[in-house]
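Chemist: One letter stands for each residue in the lines below.
There are 2 protein chains.
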Amino acid sequence: MKIAAVAGGVGAGKFLRGLIQIVSPTELTVIVNTGDDMEVHGLHVSPDLDSVTYWLAGVADRERGWGRADETFRATEQLREFHADGSWFGIGDLDLATHLFRTRLMAAGERLTGATAAIAERFGVEARLLPMTDYPVTTRVDAVDQAGDTLDLHFQEYWVKRGARDDVKGVRFVGAATASPAPGALEAIASAEAILLCPSNPIASIDPILAVPGFAAALAARRERVAGVSPIVGGAPLRGMADKLLPTAGVEVSAAGVAAYYAGRGLIGGWVIDETDTALEPRIEALGLRTLMTDTIMVDDEAAARVARVALALAVAGGS
Amino acid sequence: MKIAAVAGGVGAGKFLRGLIQIVSPTELTVIVNTGDDMEVHGLHVSPDLDSVTYWLAGVADRERGWGRADETFRATEQLREFHADGSWFGIGDLDLATHLFRTRLMAAGERLTGATAAIAERFGVEARLLPMTDYPVTTRVDAVDQAGDTLDLHFQEYWVKRGARDDVKGVRFVGAATASPAPGALEAIASAEAILLCPSNPIASIDPILAVPGFAAALAARRERVAGVSPIVGGAPLRGMADKLLPTAGVEVSAAGVAAYYAGRGLIGGWVIDETDTALEPRIEALGLRTLMTDTIMVDDEAAARVARVALALAVAGGS
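First to last, the sequence lines map onto chains Z and G.
Heads up: the first sequence begins at 1 in the numbering used here, then just goes up one per residue.
Heads up: the second sequence begins at 1001 in the numbering used here, then just goes up one per residue.
Please keep in mind that the hints were generated in silico from the structure rather than gathered at the bench.
These figures come from a predicted structure and were not determined experimentally.
C-beta atoms are modelled at their ideal positions from N, C-alpha and C, and glycine is treated no differently.
Hints may contain errors.
Unchecked claim - Rough simulated footprint, nothing fancy, chain G against chain Z, three-plus residues with beta-carbon under 8 Å:
# : segment
1 : 5-12
2 : 88-100
3 : 163-174
Unchecked claim - Calculated from the model, a selection of chain G residues having no Cβ within reach of chain Z, i.e. all distances over 10 Å:
# : residue
4 : Leu1153
5 : Gly1170
6 : Pro1183
Stated by the list, open to error - Between beta-carbon pairs, the in silico distance windows are:
#  : chain 1 : residue 1 : chain 2 : residue 2 : range
7  : Z       : Lys161    : G       : Thr1276   : 55 to 61 Å
8  : Z       : Ala118    : G       : Pro1247   : 41 to 47 Å
9  : Z       : Gln146    : G       : Glu1063   : 48 to 54 Å
10 : G       : Ala1108   : Z       : Thr248    : 49 to 55 Å
11 : Z       : Glu110    : G       : Glu1081   : 27 to 33 Å
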């Protein structure tokens, strides 16, 4: 069964790690957000691609969520002592190897798609990982700081450097309108028997992908086969800052609010919510969506596999 | 007292570390070989500049000689698992920070001279460190492998990657003839009261510097104030592969052979040899050189300071 997944970073990684417990990874294509990509110390860093790669490879740090298990940060600590630009972004020593390898491949003419495949291969990842696009697309956050000054921040500046302390007025995906999907991405959606929207931040992780022309239409064309997993449980994100970003798009911070955000654009046919959100089921079904409930807290691969099994059932139930 | 030093890597680093025990580092300008510089993983690596910086900063690894104390090699080990080009060159995680910082500065328009000064400043090095040139100069080794095939190797390929196992036919300094000395380097030699030729590999470390137009003439003009320390003790180098390279230039592998190699070009007025080489003293004096003997094995900073004191005395004794 061919499966396509649309993914952000950590939440997607955990979910996909569960998915490959129940399906053959060779059947899976994952389309990953690159709006968070950033040049750090001259290196091309792709946080979401790396999170998904590390989770699928089984080398992710489960406690921290991002980065690799058994990681050290000696180079970054030294760069911080140098007061090097960008050293607020913590890169582990093992992780650094990935960025050096990717940057070198791209300097030699490889596109991000090719570099991503090469890295995945090195980690023994059998699923096909695709960046959403080979074009540079950057998620920028328009914000206001405590002094009332307006700020135009790279997403990582907003999130990592400034700890999400600013009031967000809006999010833009610079370059998206003139970008095109990575080779094979639209085809993967068109030909999949199940399309899964991972439990990722709708504004910061999924919307950048949808902003690249082609993806929204490709999902809408297959909407009955598209099932999403709510990243919001009990009115709050499990991690990250979706609670701060959703209101800027007029979205209620709830499993029902996010369902409506996707359903309103005709992108999904099914929606998996956590058992604690039972009360929201009628509102979600009223959107015309099929709904299933389970414990969506992915404490380990087994729990993630359960969530993936439910999402897959919901997508496949969408018929042909 | 203003002092200039002409330096390669590890031997120079140890010696200069001794020198700053007995003179103010702010009086010292060090001109360092960059013929070994190499791009690794897209980063500008300057092995000799880094060795000198780390030794002067007191963060060098005394046992290993090169690189930093308390170093780890996690990024390199990962890159080796990736089979990344150039990963035969072992870069420590702390050391990596230096290369990232340098490469970023240079990508932003800084020349190697400026990047070197910025790095030295970050390490609290008060001596002025200058690359021999801001131009790309590369030491290439013409060699023949065991199968009889001719090879054209970067110096680091010859030394680190292939472990100096090939027969060397000659050494070339590509780009040197059209390079010019780094700003301030010739002036430092012209105005110094003492000029010290560090105990570095004559062929691989000092000759690249001399191949850049201007340096040989600048030293010759001050030759009575130039004192060198023999890198050869008892007929062998203390470390490195000078014993394999010296014969290719027709130089005897001895303290007298290297003295003659420099004196024949009129570059030095004084020569420090190890006590074990007493028998060579008449031959060296016959070259017209002043000679002093001491224990030149620099087992610690104190020992290095003793060697530096002797070299300095010999240089200053050259009069005005």
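Chemist: Run every hint past the structure and note whether it holds.
Modeler: Results for each hint:
Coverage of the segment 5-12 of chain Z by chain G is violated in this model, with 0 residues showing a Cβ closer than 8 Å to a Cβ of that chain against a need of three. Figure legend: the segment 88-100 of chain Z, annotated as covered by chain G; annotation consistent (6 residues with Cβ-Cβ distances under 8 Å, at least 3 required). Look at the segment 163-174 of chain Z against chain G: 0 of its residues bring a Cβ nearer than 8 Å to a Cβ of that chain, fewer than three, so the hint is violated. Distance check on G/Leu1153: its Cβ is at least 21 Å (rounded) from any Cβ of chain Z, clearing the 10 Å threshold; non-interface status holds.
Every beta carbon of chain Z lies more than 10 Å from that of G/Gly1170, the smallest distance being close to 31 Å; the non-interface claim holds. Every CB of chain Z is more than 10 Å from the CB of G/Pro1183 (nearest about 23 Å), matching its label as outside the interface. Restraint check, Z/Lys161 to G/Thr1276: a C-beta distance of roughly 59 Å satisfies the suggested window 55 to 61 Å. Separation of Z/Ala118 from G/Pro1247 is about 44 Å and conforms to the stated range, judged on CB atoms against 41 to 47 Å.
Between Z/Gln146 and G/Glu1063, the C-beta spacing of about 51 Å keeps the proposed range 48 to 54 Å intact. Evaluation of the 49 to 55 Å hint for G/Ala1108 and Z/Thr248 yields a failure: the beta carbon distance comes to about 34 Å. A hinted range of 27 to 33 Å for the beta carbons of Z/Glu110 and G/Glu1081 is inconsistent with their spacing of about 19 Å.
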